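Undergrad: Note that the protein sequences, when read in sequence, are chains A and B.
Residues in the first sequence are numbered consecutively from 1, following the UniProt record's numbering.
Residues in the second sequence are numbered consecutively from 1, following the UniProt record's numbering.
By construction, these hints were calculated from the structure, which means they are not laboratory data.
Just so you know, not all the hints are guaranteed correct.
What the hints assert, rightly or not - Computed list of lysine-lysine pairs in DSSO-like fashion (alpha-carbon distance at most 27 Å, straight line):
(1) A/255 x B/85
(2) B/72 x A/61
(3) B/30 x B/85
(4) B/31 x A/31
(5) B/324 x A/31
(6) A/166 x A/5
(7) A/65 x B/31
(8) A/91 x B/72
(9) B/91 x B/31
(10) A/289 x A/350
To be verified - Simulated coverage check for chain A against chain B, where a stretch passes if three residues somewhere in it have a Cβ under 8 Å from a Cβ of chain B:
(11) 109 to 115
(12) 134 to 144
All values derive from a computational prediction rather than experimental measurement.
Just so it is clear, CB atoms sit at the ideal spot from N, CA and C, and this is done for glycine as well.
There are 2 protein chains.
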Amino acid sequence: MKEIKVNALSPYSVIVTSTNSQLNFWLEHKKLNRLFVITDDNVDLLYGDYFNSIKSKIIGKYVLKAGEESKKIETVLDIYRCLLKHNIDRKCTILAFGGGVVGDITGFVASTFKRGTNLVYIPTTLIAQTDSSVGGKNGFNLDGIKNVIGTFYQPSLVYVDVNLLKTLDADNFKNGMAEVIKYGFVLDDNLFRYIEQNKRAILEREIDKLKYIVAECIKLKAAVVEKDELDLGGRHILNFGHTIGHALETISNFKIMHGEAVALGMVYESYIALKRNLIDQDLLERLIKILKYFDLQTTADIENYNDFKQAILKDKKNVDSLLKIVLPVGLGRAIITTDVKVDTIIQNMKELSRR
Amino acid sequence: MKEIKVNALSPYSVIVTSTNSQLNFWLEHKKLNRLFVITDDNVDLLYGDYFNSIKSKIIGKYVLKAGEESKKIETVLDIYRCLLKHNIDRKCTILAFGGGVVGDITGFVASTFKRGTNLVYIPTTLIAQTDSSVGGKNGFNLDGIKNVIGTFYQPSLVYVDVNLLKTLDADNFKNGMAEVIKYGFVLDDNLFRYIEQNKRAILEREIDKLKYIVAECIKLKAAVVEKDELDLGGRHILNFGHTIGHALETISNFKIMHGEAVALGMVYESYIALKRNLIDQDLLERLIKILKYFDLQTTADIENYNDFKQAILKDKKNVDSLLKIVLPVGLGRAIITTDVKVDTIIQNMKELSRR
Ligand SMILES: NC(=O)c1ccc[n+]([C@@H]2O[C@H](COP(=O)([O-])OP(=O)(O)OC[C@H]3O[C@@H](n4cnc5c(N)ncnc54)[C@H](O)[C@@H]3O)[C@@H](O)[C@H]2O)c1
Ligand SMILES: NC(=O)c1ccc[n+]([C@@H]2O[C@H](COP(=O)([O-])OP(=O)(O)OC[C@H]3O[C@@H](n4cnc5c(N)ncnc54)[C@H](O)[C@@H]3O)[C@@H](O)[C@H]2O)c1
Ligand SMILES: [Zn+2]
Ligand SMILES: [Zn+2]
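Chain A extracted, bound-state conformation:
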């Protein structure tokens, strides 16, 4: 078991473990005694008995339909009404048990119901454990615009049980691995080498290996987030692969998964870095090799670069129409720059595709 402290405005702990048996201890420790669980139907089916040993603390449960489709205001309102029916007050704790969708919806509900209840998060996907578990962001989609409504709200406790990852399907696992590789590639050369050296054991989801990579990612994200709780700029380093990745996601109409898009984005953005002599050919090859090992695509067939251009220029992160891009500079380090023109990006992407 590892305890990672996140020094947000209201500090909290992330527990990384591989069992549910320490949950009761931590809830007692944080004096959280009346819990209302929010989960999705997949997780509920797989882990309906996860809270058996703390049954007396559970005062209700809401099960939403799994999938991004549920991240909408209708779900939020339905949960509010369910909480009202259960007489939930500000002293109760709302517990999110699921992937990023459950986490985002639940975080929003907890931050707005009666102006804020306690929040505990037990993330169950690799994405949720390594990314959404730290940072306090929540939200939902409106009229097809992703995460456009939301707040920053810190949980009282995050309990990460990597054993839950055993049941994750291959797609969702590799989706998370793209982000894990990202952390190593731009923030921590040791983590990147660890992934290279233990790739097989990770792919086979050996508990110790999962625990190590998940804990390292959480530490890295915590360090970045602590410096920029309200996402005013400093967090941008975590957007490596995302400037191009998001645009690819958009033009695919979100048919390619986020992790796939990020993998592609990392390759293209690294190629731009290579062209600027910020990294060498060998490092790009290592990135491509590890992504391929985890069954992530490293080249895309882009039919219409015009659509791509529109999409990348519209990205909400690119405030004041300045394109922000993260470029690696050697292993484990990166810079954020605004001096790469979108036409250069496209030219480099075409070049790499032809190779």
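Place chain B with the ligands on chain A using the hints.
TA: Chain B with the ligands alone, transformed into the frame defined by chain A:
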């Protein structure tokens, strides 16, 4: 002009003035250059030209239907969509221009749209200037439950122009005066005496008098709120008159105005204090006299004390079913207690009504 600093987690200034001519200075000072205005149709009709001199800063306006009815999720969603149409981003400022309804809805929108935009508040009613302008609370009603959804979110600037109060109708003015008298009675004997001595000029809305009482109330509220930003207990002193008042509001089906109910609540709660020898008869008479002067009722015809009992016991402020009540102890001071039984309250209320 007075500048009152509120030391919330994110500190901000409340400017108390009697003209709109300093608004531009303060917006420049806070570097707020692109404003989206949210107001209601009454205020818009009366003050459509209020921002004429800063026209170039205004990038859009949303006008909601005046009244408590608008404090609902449908209005919130409609505003989100309007903001999207206007391409509002996190660097824009949303400006609430209206009473508590506009303030509550706008505060919620500003705190959740793209996870938080800047917020400026120009309160236009006496209630909004003296109460909602400080404290960061916002929210809306769901299924008839008041303010059940909301957040705490601090504005960047509150600009209080008491000249706006000139057009307020008599009912809304006295509604606010109930709260003003409350501040004096339990928190500040000087303010209470000032109201007694200047009652006529206040009633006639002399600008200097309004500026004085509004600024004093804001200072008093700021001092209370700074100690309890998340409303975890310390704010309860401001609930004087509200324990009984809320219940009276509820059983009237919100037909009596909030201020009327608070006035009645203050009289009844003071009578309880009198029975306990916490205040003397003379002080109760002074309270009744000043309330009557401002045309506020001081006795109620309660038809069904059973309904009243249900309502008071259901109040969300009474966590864990302990009835919390604020009792004055001399002029300008009060205590919060949980040892008054609801039956004692009712008995005292009946007694006072018979006198
Ligand atoms: N708030 C943040 O900081 C943040 C960060 C990253 C992503 N997100 C959001 O998270 C969402 C994506 O998260 P996600 O990838 O976890 O998606 P998800 O929540 O939709 O989960 C993916 C699928 O895995 C299933 N699942 C979950 N746990 C499982 C388990 N242990 N075993 C088997 N199946 C399981 C789910 O039911 C779902 O079908 C997006 O909406 C994204 O916007 C938020
Ligand atoms: N957030 C807080 O801390 C807080 C505190 C107190 C009250 N509130 C909320 O505020 C609301 C009540 O506020 P309110 O009393 O200001 O009600 P309101 O906003 O409905 O305003 C009352 C009426 O006065 C009109 N009006 C506003 N300004 C005017 C002006 N200058 N001249 C003429 N008419 C004007 C409005 O159009 C409306 O018809 C409630 O919903 C309550 O829950 C919030
Ligand atoms: Zn990502
Ligand atoms: Zn009040």
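Undergrad: Now look at each hint and say whether the structure bears it out.
TA: Results for each hint:
no., hint, verdict
1, A/255 x B/85, "holds, 26 Å"
2, B/72 x A/61, "holds, 26 Å"
3, B/30 x B/85, "holds, 26 Å"
4, B/31 x A/31, "violated, 43 Å"
5, B/324 x A/31, "holds, 24 Å"
6, A/166 x A/5, "holds, 26 Å"
7, A/65 x B/31, "violated, 44 Å"
8, A/91 x B/72, "holds, 24 Å"
9, B/91 x B/31, "holds, 10 Å"
10, A/289 x A/350, "holds, 20 Å"
11, 109 to 115, "holds (count 5)"
12, 134 to 144, "holds (count 4)"
The structure fails hints 4 and 7 (numbered hints given earlier, in ascending order).
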